[in-house]
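**Q** This is what each chain is made of:
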Amino acid sequence: MPSRAGADSRASARGQLNTPVGAAATTTGGEDNGQNDGDGEDQPCQACGVFPARFQCSACQSVRYCSQECQASDWKIHYRECAEIVAAQKEDQTELQQGAGRPRSATNGAGETGVPGDRYSTDLEMTSRAAASPLRTGAAGEVLGDEGENIRATANRPRRRPREPVRRPRLTPEQRAAYEEAERIADMKFYMLQIYKIIKPVVICICLSILWVKISMAGSDYRPTQSSYTVYRESPNSTASQNFLGSLANAGIIIGQIVIVTIIIVILFKRGHIKVLIGFFMVVVAMLLGFMGYVLILNLIQVLRIPLDYLTMAFALWNFSVTGLISVFWKGPMWVQQMYLTVMSSLMAFSLTGLAEWTTWMLLALLVVWDLIAVLCPFGPLKILVESSRNQNQEVPALLYTVNAVWFMASPPDNILNRETLRSKESSDSEDVTLTNGSSSPGANFHGGHSRATGRDGGASISSSRNSGLDTSFSAHDGMSRTSSTMALVPNRNGDSPTGDRDTIELRERARSGDSGSSPRNLNHGEGSPLSGRASRSASGGQRQSRDPRRDSREVDDEEEHRETSDDDDDDDGGGLKLGLGDFVFYSVLVARAAMFDWVTTMCCMVAVLTGMNATIFLLAIYQKALPALPISICFGMLFYFATRFALVPFLAVLAQSQVFI
Amino acid sequence: MAKSIEKMTPDEILVASKKLFFGGFALLPMLWVYNILYIWPVRNRADLSPRVRHYVLLSGILSVVMFVVFSVWFGIFVNYRLNWGVPGDTLTVVLVKGV
Numbered sequence: 001m002p003s004r005a006g007a008d009s010r011a012s013a014r015g016q017l018n019t020p021v022g023a024a025a026t027t028t029g030g031e032d033n034g035q036n037d038g039d040g041e042d043q044p045c046q047a048c049g050v051f052p053a054r055f056q057c058s059a060c061q062s063v064r065y066c067s068q069e070c071q072a073s074d075w076k077i078h079y080r081e082c083a084e085i086v087a088a089q090k091e092d093q094t095e096l097q098q099g100a101g102r103p104r105s106a107t108n109g110a111g112e113t114g115v116p117g118d119r120y121s122t123d124l125e126m127t128s129r130a131a132a133s134p135l136r137t138g139a140a141g142e143v144l145g146d147e148g149e150n151i152r153a154t155a156n157r158p159r160r161r162p163r164e165p166v167r168r169p170r171l172t173p174e175q176r177a178a179y180e181e182a183e184r185i186a187d188m189k190f191y192m193l194q195i196y197k198i199i200k201p202v203v204i205c206i207c208l209s210i211l212w213v214k215i216s217m218a219g220s221d222y223r224p225t226q227s228s229y230t231v232y233r234e235s236p237n238s239t240a241s242q243n244f245l246g247s248l249a250n251a252g253i254i255i256g257q258i259v260i261v262t263i264i265i266v267i268l269f270k271r272g273h274i275k276v277l278i279g280f281f282m283v284v285v286a287m288l289l290g291f292m293g294y295v296l297i298l299n300l301i302q303v304l305r306i307p308l309d310y311l312t313m314a315f316a317l318w319n320f321s322v323t324g325l326i327s328v329f330w331k332g333p334m335w336v337q338q339m340y341l342t343v344m345s346s347l348m349a350f351s352l353t354g355l356a357e358w359t360t361w362m363l364l365a366l367l368v369v370w371d372l373i374a375v376l377c378p379f380g381p382l383k384i385l386v387e388s389s390r391n392q393n394q395e396v397p398a399l400l401y402t403v404n405a406v407w408f409m410a411s412p413p414d415n416i417l418n419r420e421t422l423r424s425k426e427s428s429d430s431e432d433v434t435l436t437n438g439s440s441s442p443g444a445n446f447h448g449g450h451s452r453a454t455g456r457d458g459g460a461s462i463s464s465s466r467n468s469g470l471d472t473s474f475s476a477h478d479g480m481s482r483t484s485s486t487m488a489l490v491p492n493r494n495g496d497s498p499t500g501d502r503d504t505i506e507l508r509e510r511a512r513s514g515d516s517g518s519s520p521r522n523l524n525h526g527e528g529s530p531l532s533g534r535a536s537r538s539a540s541g542g543q544r545q546s547r548d549p550r551r552d553s554r555e556v557d558d559e560e561e562h563r564e565t566s567d568d569d570d571d572d573d574g575g576g577l578k579l580g581l582g583d584f585v586f587y588s589v590l591v592a593r594a595a596m597f598d599w600v601t602t603m604c605c606m607v608a609v610l611t612g613m614n615a616t617i618f619l620l621a622i623y624q625k626a627l628p629a630l631p632i633s634i635c636f637g638m639l640f641y642f643a644t645r646f647a648l649v650p651f652l653a654v655l656a657q658s659q660v661f662i
Numbered sequence: 001m002a003k004s005i006e007k008m009t010p011d012e013i014l015v016a017s018k019k020l021f022f023g024g025f026a027l028l029p030m031l032w033v034y035n036i037l038y039i040w041p042v043r044n045r046a047d048l049s050p051r052v053r054h055y056v057l058l059s060g061i062l063s064v065v066m067f068v069v070f071s072v073w074f075g076i077f078v079n080y081r082l083n084w085g086v087p088g089d090t091l092t093v094v095l096v097k098g099v
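Protein chains in written order, with full-length UniProt numbering: chain Z, 1 to 662; chain P, 1 to 99.
Keep in mind that the hints were calculated from the coordinates and are not lab data. A couple of the hints might just be wrong.
Here are the in silico distance ranges between beta carbons for each label pair [to be verified]:
1) Z:T225 x P:S71: 27 to 37 Å
2) Z:G354 x P:V78: 44 to 54 Å
3) Z:P236 x P:F25: 47 to 57 Å
4) P:I61 x Z:A182: 48 to 58 Å
5) P:E12 x Z:R176: 42 to 52 Å
6) P:L95 x Z:G354: 44 to 54 Å
7) Z:T312 x P:T9: 31 to 41 Å
8) Z:T611 x P:W40: 36 to 46 Å
In this text, all values refer to a predicted model and were calculated from it rather than measured experimentally. Think of the CB as a built atom: it goes at the ideal place given N, C-alpha and C, for glycine as much as any other residue.
Just chain Z, with the same shape it has in the complex (with noise of 0.2 Å):
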């Protein structure tokens, strides 16, 4: 066992403490412990970068630290690394000296480099666990589920850049190379898990508002209508050409709406005036459970012959609205929220039942276009609002972003926007600059990435600064969340970004983090609060180290660390990817259209819609960068639709008369 146990104490009894580096030879039989000496003098401490570091991790001797605090509060970084450092060492002393003394924990058998990542994981998971809730002991059937948490590491590895080859002198370029390989396998991997969480709520959606179109459709008086906003009414005895143009009016009006709603939107935004947007989501949040959920239950009462009073429907209603507000906007438990919005969205798309036919292609194929624009163009609006959210890293993107969808139609898989973003940053770290305002020193950074934890736990943590704007972009990110207190926050985190590096592995962070919006289930175990915010005031402590030339390449791989150890803290989050509402609302517009006709055609619909979600998904994997969601899947399932109407159902009805399989 590596021996950084100091990473919490709790856990001491598993593993030594930190060595000096002298005698780490003694106590591990290491056989690099030369090396190590050679380059005591000038490796600053992995955790704050001062000199001299004058202790080195026991188990894998590749990194050193100036204190037992340090180590522990890199440990949560290290771990995976130094499990991989030693099933490096250990593979390279079976190919040269079969038997010859080995680190302690490279004996314990297992072959592969995962297993033993795959043990500490597990272990530190147990240990953060039981100190964030003592009593939450029930837990011991999670920590079973290391196998899940394996997979979420590895998944988590391809966000990190190729590992500078200074940290792994023993890892050959074969061994590299593999890894890589590993890296990339795994980040497919993590693409199928988010597309699994993601299906879930967008299927649900669907249904919900298929049934509510059926419902609606079995004679009720009260289905939604074309609002009186559009121009042109279809007739039956209208020729095509008169469709076509009074259809495209209409649909220009709609989209005409939702561009200078979204506009607005980023105007503002941009301007600051969060408490004005938050007002007008929850005005538009309120009306559509309110308005849409009383049109819905007229529906049902009709169809399904309830003889309801006024008093208890409008209790039912009130009741009904304000919890959903106060789930969207204010707090409660998770799946009640994603509940919520599923359900918001499946009546947003029934509402929108009401347009004529026409109308409702025409403005699907617009929102193709209009979402292409918005995120792809270098000005779209939707990408300028990521960007400012970024840059300002308010909170209320993530109200944009649960009930933004509505209006903007078209939020991209959201895990990208944030990728995207922080591919900019990478690009350009000017950015970042600007947004500085002194507080410079490197070690500033550190705490930062270090504290994330503590900043995704929220509460206590000495290292507010960093850590709040961590809190931000997670919250941000995360589709429903948001907070008060972030805002407030906010200034410090621009205090302390001084390289574009740092911000761009948060990015990620959050990027990662995100998506409990859309995954159905966000598994939120505590996450030993005292052990982060342990580390992040040792962190903290190590800021007045000096800068050191070496040290950038060192940071590089620090973030990557951070990364990893964040990534793993936010896929209990339930992973990385998110999907706009909009997303969710147009393609149960189309598939609810589809099932004005029948059933043949909305399965069809159906099936195109989720594949070409999955397209996306898997565009994303490959470009990582924000993609909007609509064009893919709304063309797949018009297309659908349309070869199924006048293809496959006459085709069906030919067959079904004939009886030619009879």
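Got chain Z; can you put chain P on it based on the hints?
**A** Showing chain P alone in chain Z's frame:
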């Protein structure tokens, strides 16, 4: 929701629970149910203020009471609305066809 309830401090939990409890009196028994759902994962936390349990318990009792009250009302309405004549029809949102 910035953080999950597991990561909130006891004070925050207390405040949230209190707000939800008193909010429930605005004819919002759903908030009481919501309160229970919200607090449930941390109900056994050692550092939890006893007042939170108090609120949650009261929320549960009151929401059950409200549920019973409305069920009774709805039962009465469904069974007697035809006997009430015009007032009964006025109360009905959508007149049920054929009954």
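**Q** Indicate, hint by hint, whether the structure satisfies it.
**A** Do the hints match the structure? See the list:
1. Z:T225 x P:S71: 27 to 37 Å: holds (34 Å)
2. Z:G354 x P:V78: 44 to 54 Å: violated (31 Å)
3. Z:P236 x P:F25: 47 to 57 Å: holds (54 Å)
4. P:I61 x Z:A182: 48 to 58 Å: Holds, since I61 of chain P and A182 of chain Z (Cβ atoms, about 56 Å apart) stay within the stated range.
5. P:E12 x Z:R176: 42 to 52 Å: The hinted range 42 to 52 Å holds for E12 of chain P and R176 of chain Z, with Cβ atoms some 46 Å apart.
6. P:L95 x Z:G354: 44 to 54 Å: violated (23 Å)
7. Z:T312 x P:T9: 31 to 41 Å: holds (39 Å)
8. Z:T611 x P:W40: 36 to 46 Å: holds (38 Å)
The structure shown violates the earlier hints numbered 2, 6.
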